[in-house]
Every structure is written in structure tokens, then in C-alpha cells.
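Chain residues, written in single-letter form:
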Amino acid sequence: MMRRLLLCVLPALLLLSGCAAPVDPDEARESIQVIAMDTAMLITTYGERSPAAAYACEDVIRDLEKQLSRTDPDSAVSRLNAAGTLELGELDEELIPILSAAEAYRRETDGAFDITIAPVVAAWGFAGGEEYRVPGEAELQELLERVDGSAVRVEDRTVTLGPGQAIDLGGIAKGYAAGKLTQIFNEYEVPRALAELGGNVLAWGDRPDGTPWRVGVQDPAHPDDRNALVGVLELVDSFAVTSGSYQRYFQQDGKTYHHIIDPATGRPADSGLTSVTVVAGSGAGGAMCDAYSTALFVMGEEKALDFWRSQQGGALFSLVLVTEDGRVVVADKTGQFNFVPEEGSGYTYETVS
Amino acid sequence: MKPFPRLRPTAWDGLVVLCVAALALGIAFFQWRGGTQEGLTAVVSVDGREVDRFPLEELIAAPRAYEHNGYTLEVCAALRGEVSSLDHVKSDGEMGLRVARSDCPTQDCVHTGTITRSGQSIVCLPARVIIRLEGGAADPGNVDAVTG
Chain A
1 MMRRLLLCVL PALLLLSGCA APVDPDEARE SIQVIAMDTA MLITTYGERS
51 PAAAYACEDV IRDLEKQLSR TDPDSAVSRL NAAGTLELGE LDEELIPILS
101 AAEAYRRETD GAFDITIAPV VAAWGFAGGE EYRVPGEAEL QELLERVDGS
151 AVRVEDRTVT LGPGQAIDLG GIAKGYAAGK LTQIFNEYEV PRALAELGGN
201 VLAWGDRPDG TPWRVGVQDP AHPDDRNALV GVLELVDSFA VTSGSYQRYF
251 QQDGKTYHHI IDPATGRPAD SGLTSVTVVA GSGAGGAMCD AYSTALFVMG
301 EEKALDFWRS QQGGALFSLV LVTEDGRVVV ADKTGQFNFV PEEGSGYTYE
351 TVS
Chain B
1001 MKPFPRLRPT AWDGLVVLCV AALALGIAFF QWRGGTQEGL TAVVSVDGRE
1051 VDRFPLEELI AAPRAYEHNG YTLEVCAALR GEVSSLDHVK SDGEMGLRVA
1101 RSDCPTQDCV HTGTITRSGQ SIVCLPARVI IRLEGGAADP GNVDAVTG
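Sequences listed follow chains A and B, in order.
Its first residue numbered 1, the first sequence is counted upward by one per residue in our numbering.
Its first residue numbered 1001, the second sequence is counted upward by one per residue in our numbering.
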């Protein structure tokens, strides 16, 4: 009797302990942290090739930084800014598509996004390496005369700036990099991944439990509390990029000056918004979300919503606007994501169409 | 050939069965839980290279310091909402960590305050240090990332 019991029970128990946690190849995970483009980046990839994919992402980001950095004197952008013209070498190949995209977004946003704002941004001390200061009106007017993205010429492999111009790709480079990561995820057959490049998030696939990735939108009123959110975006295969006045700023004589400069005035945009989050599908391009988030912050609520309504060829992107007067405005026609308001945040929530 | 003697199970055999059963059930139970009862782990990387990894509780006994690029960060255990001993910010009791002191020029790492949940991080760009929390109880309500 006992022997029969042993024959039945022992294999069952061994089966129980051995099969309790089947290893799914999709669960293999690699997580890397990269400091690049003046921000911290965290990339988590899943799948059998997750380590190779994660390190390929780092290579792409490092390569882009070498070309696009404004602080590295050897980068293509620094050489272009120093000389006013640059014949692109084999290692500078990313500059042409990113300049082309930047010009398209400048035109679409009627100049609210303009990479030639660089000298003005530097005058305020937001370019890095300089002290923060408030430039005088005469200085700003002189610098503003140089701001005109349409003067940047690309002919064959030569880029030429207008007189006295300089470019800063900080408002588009991280989004562009996020877009490049989607190519790697496809190449390495990554089923799911989450990439945080500063304020840029790429949610690739879904979570390991099959639910959408949950991406919080920082509460601009409490930038020092990472648990303080205005709401949560539930995303699958999407980019989410936020521009906010709280991200970089300084105070002088009791007044706060933030880093999002209005190309029309040369001063920090005073648009009534405290943050703009642009959400789009992963096929739409991270560069677009990055550039639009800056431009729509400059535009302000009314113009930003008009711009959102004017999208051609169906809804491409959605918005979450946080206003100075305590409202969160969600504009979405895609139906591709869900926005969950944060209980007890103190904001009032509006949905527009 | 000499036949095997007829074996009769004894009380010791029963004990072995019980031990194997207990072991198997224990392993199965642990694996089913997926280790979700583990506490939070702090992972510190410098210039993209992991230099330290420790259970959050270890910070209670002693703070830790990280030096790189000419700057030093002191990391200590903290409750969410706590800013410094001089401030009287209400705490909700969630334990985490914060950068208590840094001699970096931006002080962004200090101003980040206390992080308490898996996936959150404190970044010091001048020192090129990232401190991130991992593990902890799996909570589908947690956010995976924060934009902004």
C-alpha cells in the first residue's frame, strides 16, 4: 500500500516543483542605464535577444550623441555651428534626416519649433556650461534676427547656416533617438520594451502580464516628487513625450525663468501651460512628438488644440495639457490609449474633441 | 540469482516522503509567488556601469556614499515626503531612499527627494550617477515609467 502511495505521490510532487514556474523566453530581460544627451536614459528590453538589443540601443544613442551634441566640440553640430558650413562625412549621416525633420516641424508649427533658437537659448544660460542670466531687450532683439530655420540649407552633403546662426537639436534629438530604437527592436525581434530617454518614453509592445504599459505624467506643481502625477497613460506601441516649464528653470529677483524659449519673443514662453504631453503610435516617429511637445507648449492651450484638430489624414497624435489654472485637458481621437486621472491630485479634468 | 528480499516500508520511509513533499511544496510555493515578497533593491550605476546593489533596508543601518567626476553623493534611507530633518513635510510612511547631500553644482539629485517605488530613479548628471529601485512587491497599479 505504502509503495503504491510512493509511486503516485513522489512523481506528482517532483512535477509540481519542477513545473511551477515555466520560463517564457519573452520574459528574459535586460535593463541598461545610459547617461547621454544631457540626460539619464533607461532601456529595458525583453525577449531571447534582449541583451544584444539593449546594447545595440546604447550604441545607437552614443553614435547619435557624437553627431548631434552641442557641447562636444568634435560633433557634427559643433563643427557646423563653429564654421557656419559643413561637408558631412560618413560618420555624420544622421544630420541630414534630422535637419529635414526639424524643418518640416518648423513649417507645420509656424515657427513655434525652430532649431535656430540656439543663440537665444545660450544667452539665457540654458545651453549648458554657462551661468543662468536674463538677457537685455536689445541683446534679445539682435539675437532674434538670426532665428530663422528656413535659412538652413542642405545641398548634397553640405549643410550651410544663415549669417550668425547656430542650431540646437536638444528639442528633437532624444525623440529622434527613441524613433531609432524602434528599428533595433524590430531587427532584434524584441516583443516588448520600455525606453525612457529623459522626458521621452517609448512603450514597445505591452507589459509581460499582457496589459498596457503604465506611464505616469509628472505633476508640474510637484516636480520634486516622482510619485506626484496628474494621471497615467496606458500605452501599447506608443511614444509619450512631455515638455514642461518645471524641467529646467532659474529664479532671479523673485521671478522664475524656464527653458522653453518662444522663438517669437526670445523669452520663456508665457502660454498659460505648465506641461504638454504628446502621445503617438510608435510608427509616427519620436522626433515628431518631441518637437510638437515644445512647439505646442509655446503655442498655448487654444492654438495647441487648434493644431491638434487640424491634423491631416486622421488623428496622428494626442495631447495631455496641464494648465497654470489647475486643469488637465485630454485631447484624443485615436482611441489607442487610455488616460487615467490621478485621484486626489487637485486638478480638474476635461476631455476635448 | 538471489532474489531481492521483500521490502516493507517503515516509519523512516514515511518520514522521507513527508520531507520530500514539504520540500516540493515549498519550492512550488516560492516559485508561484515569483519572489514578489522580496523588498526593494537599490541599484547604483556610475557612467552606465553598475557599481553597487543592495537591499533598501541596509541603508537604515548606515548611509552610503558614491564619488565620481569629482563629486560625492551621500545616500540614506528616508520616508516619502521627508525632505530634511529641518523640514516638517508629512510622511505617508512609505520607505525609500534619497540623496541627503551632494556637492554637485545642480543639486538636482538632492531636489529629486525620496524615491519609494520600483522603477523610480535619482539621477546626478554632473557625477554621472543613477540610483534606481528594483524589485519589491509586484503591483499592477504601479507605473512603469514617468514622462516629464
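Honestly, the hints are just simulated from the structure, not real lab data.
None of these values were measured; they are calculated from a predicted model.
For each residue, glycine too, the CB sits at the ideal point set by N, CA and C.
Treat the hints with care, as some may be off.
If you want the footprint, here are the derived chain A segments under chain B, 3+ residues with CB under 8 Å [stated by the list, open to error]:
| hint | segment |
| --- | --- |
| 1 | 35–42 |
| 2 | 153–160 |
| 3 | 196–207 |
| 4 | 227–235 |
Outcome of the hint check:
Requiring three or more residues with a Cβ within less than 8 Å of a Cβ of chain B, the coverage given for the segment 35–42 of chain A holds, as 5 such residues are present. Counting residues of the segment 153–160 of chain A whose CB falls under 8 Å from any CB of chain B gives 0; the rule of at least 3 is not met. Only residues whose beta carbon comes within less than 8 Å of a beta carbon in chain B count, and the segment 196–207 of chain A has 6; three or more means the coverage holds. Using a Cβ-Cβ cut-off of 8 Å, 4 residues of the segment 227–235 of chain A lie near chain B, which meets the minimum of three, so the contact claim holds.
Violation of the numbered hints given earlier is confined to hint 2; every other hint is satisfied by the structure.
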